[in-house]
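Please construct the entire structure, taking both the sequences and the accompanying hints into account.
As they're listed, the protein sequences go chains V and H. My numbering numbers the first residue of the first sequence as 1 and each following residue consecutively. My numbering numbers the first residue of the second sequence as 1001 and each following residue consecutively.
Wrong hints could be hidden among the right ones.
[What the hints assert, rightly or not] Derived DSS-like pairs (lysine-lysine); straight-line CA-CA distance at most 30 Å: (1) V:K63 / H:K1039; (2) H:K1030 / V:K107; (3) H:K1030 / H:K1107; (4) H:K1103 / H:K1030.
Derived from the structure by calculation, the hints contain no laboratory data.
Take a look at the letters that make up each chain.
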Amino acid sequence: QVQLVQSGAEVRKPGASVKVSCKASGYTFIDYDINWIRQATGQGLEWVAWMNADTGNTDYAQKFQGRVTVTWDISISTAFLELRSLTSDDTAVYYCARPDDQVDSAKYWGQGTLVTVSS
Amino acid sequence: DIQMTQSPSSLSASVGDRVTITCQASQDIKNYVNWYQQKPGKAPNILIYDASNLETGVPSRFSGSGSGTDFTFTISSLQPEDIATYYCQQYDDFPLTFGGGTKVEIK
Chain V
1 QVQLVQSGAE VRKPGASVKV SCKASGYTFI DYDINWIRQA TGQGLEWVAW MNADTGNTDY
61 AQKFQGRVTV TWDISISTAF LELRSLTSDD TAVYYCARPD DQVDSAKYWG QGTLVTVSS
Chain H
1001 DIQMTQSPSS LSASVGDRVT ITCQASQDIK NYVNWYQQKP GKAPNILIYD ASNLETGVPS
1061 RFSGSGSGTD FTFTISSLQP EDIATYYCQQ YDDFPLTFGG GTKVEIK
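Structure, rendered in structure tokens:
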């Protein structure tokens, strides 16, 4: 079955960077896009980035341009989200999510990774 | 960016009630809308895709309708296990955008 397993919680100081991983299993990694979506505590869902490991294409939300990068390692079926110059506003749960042939954007979700930015 | 205006932000209803949530897009997005249910501490779960298609395994009391700019999500008979926050999401174009969410509670 399809699974997306994310790395564990992280704590960073303001100005630092964080890299969250999302290991995919149960399917061929390059066959589907991955979206990264975040959720601050008690808040709604916010799209961060998109990647297609087959074409090498990526897209980022404008508000994160310049400080976010998505990468991947096909050999280990793992996607990565790196966010730099962290502020307290980046404190959130970060999810990776994958569509399927019927459901666009996000049918399968990782369990989420809490990133806490605090001095 | 396409804005998704979801209402209400919260509602309280009795078990067995019909519950309706609306989402209005800032431009025509055809039927490119998903509806998710999210329970505390969990990732969202897809309920409806393409505005009106029920995801496999989702109870038939959930339904969706609409196209263009106006979309509706309905729970025909609210059950205690439906207590959650519900989100609409458009995928007509990047950036993907979500409605603000509707928190559903039992009266």
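**Message:** If you test the structure against every hint from before, which numbers come out violated?
**Reply:** When the structure is compared with the hints, only number 3 turns out to be violated.
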